[in-house]
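Visitor: Here is what each chain is made of, one letter per residue.
There are 2 protein chains.
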Amino acid sequence: MGRWEPNARERLAEAALGLYGERGYEQTTVAEIAKRAGLTERTFFRHYADKREVLFAGSRDLQELFVRAVADAPENAAPIDALALGLHAVCAVFADRRPFARARHAVITANAELRERELIKLASLSAALADTLRLRGVAEPAASLAAEAGVSVFKVGFERWIAAAEDRDLAQLVREALTELRAVAAGS
Amino acid sequence: MGRWEPNARERLAEAALGLYGERGYEQTTVAEIAKRAGLTERTFFRHYADKREVLFAGSRDLQELFVRAVADAPENAAPIDALALGLHAVCAVFADRRPFARARHAVITANAELRERELIKLASLSAALADTLRLRGVAEPAASLAAEAGVSVFKVGFERWIAAAEDRDLAQLVREALTELRAVAAGS
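Residue numbers (the UniProt record's numbering), protein chains in the order written: chain A, 1 to 188; chain B, 1 to 188.
Please keep in mind that the hints were generated in silico from the structure rather than gathered at the bench. Bear in mind that the values here come from a model prediction, so they are computed numbers and not experimental data. Any given hint might turn out to be false.
A pair counts as met if it fits within one copy or between any two copies, since identical chains are not told apart.
Computed cross-link-like contacts, EDC-like style, restricted to lysine to aspartate or glutamate with a CA-CA straight-line distance of at most 20 Å [stated by the list, open to error]:
#: 1; residue 1: Lys155; residue 2: Asp167
#: 2; residue 1: Lys51; residue 2: Glu26
#: 3; residue 1: Lys121; residue 2: Glu41
#: 4; residue 1: Lys155; residue 2: Glu116
#: 5; residue 1: Lys51; residue 2: Glu32
#: 6; residue 1: Lys155; residue 2: Glu140
Take the sequences, apply the hints, and build the full model.
Guide: Below, the structure written as C-alpha cells:
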C-alpha cells in the first residue's frame, strides 16, 4: 500500500476542488490533482475511484450518518422528530467544512452531469430514509412524505448555509428550515 | 407540413410505449415507432424531437399547468393552499391516462438515464413553483420549502396511483398525501 501520507485524503480533495474551480471539472486530470497535492496518482486511487468521487464520497457518508441517527431515534419518536435527530447528526459533521462545501457547490452547479449526480444522491438519501422509517413501523405514504420533507429541509438549509454572505451555523439554518416547513404545512 | 394525420401524436406515443415495454427503450428506433403507428418518421419528428421526448413532453405541459394554477390562486391564499390548487389542476389532466402513466413508469424505472431525466424534471418543477411563490410575495426559505413539499405530495400521490392494484383517483390520492404531509409536519 506504499508509505503513509499524512492527511492524503483531505489534501487530494483540496487540490481537486482548487483545480476544478480554476480550470473546470472536465479539464482537470487525476495526474494534476495528485501533483498539486504533492502525492502520486497511485495514492489518489487508494482514496478515490475517480475524480468525480472526490465530490460525492461525502454524500455516501452523510447518508449513512443520517440513516443511522433516524434508526437510533427513541422508539416513540414521531417520524419528523426522528428526522430532526438525523438532521442534527449530519449538521455536526459539516461544521468546519463551509469553504469546501461552497467550492464543491460552485463546481457542481457549473456541470450538468454533476448536477444530475447530485439529484441522484438526494433521491437515494430520500429512499434510504423512507426505508428506515418503514422499519420503524411508519406506514406509507407517511414514511415517503416524511423522508422527502427531511431531505428538502436539509437541502434548503444547506443552500442557505453556503450562500455568499451567510455566516450562521448549518445546524441553525436547518432548524429554521424545519420550523418553516412546519409553518408552511400548517397553512401559514 | 404534409397531410393531417388524426391523433398522430397520441398514436405515436402509444406505439412508442408499447415498443419500449416489449423490446426495451434503447433497442427501439423512431422508424419502428412510426411504423407501428402507421405513420412516417417525418410525422414522428413533427411531434417529438426524439424518442425520449415521447416520455417527457407531458412533464413540460404538467409544469406549465401547475405553475399557472399556483400563479392564479387567490391573492390571499397561503402557499400550501396555492399549491393545492396547482395539484388539483394537474390531477384533472391525468384522469384517463393511468395505463399510459403505468407503462411510462415501467420504462423509466428500467433505464438509468431516464430515471435521471425524471429527477431533473421534478427538480425543474420545484424550482419553477418556488419562483412562482416568490412572485406571489412568499419569502425564502418558505417558498422553496413549500415548492418542494408540493412536488413531494404530487410524486408520492402519483406513485400510489400507478401502483398495480390501485384504483382510486389520482386527485384523491394526492389530496390524501397532502393531508398526510400536514400530519407528518405537525409531528403526528
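Visitor: Next, verify each hint and record whether it holds.
Guide: Structure-based check of all given hints:
1. Lys155 x Asp167: within (17 Å within a copy, 34 Å between copies)
2. Lys51 x Glu26: Close inside one copy (10 Å), not across copies (28 Å); limit 20 Å.
3. Lys121 x Glu41: neither (26 Å within a copy, 37 Å between copies)
4. Lys155 x Glu116: both (15 Å within a copy, 18 Å between copies)
5. Lys51 x Glu32: within (11 Å within a copy, 40 Å between copies)
6. Lys155 x Glu140: Between copies, since 13 Å is at most 20 Å while 23 Å is not.
The structure shown violates just one earlier hint, number 3.
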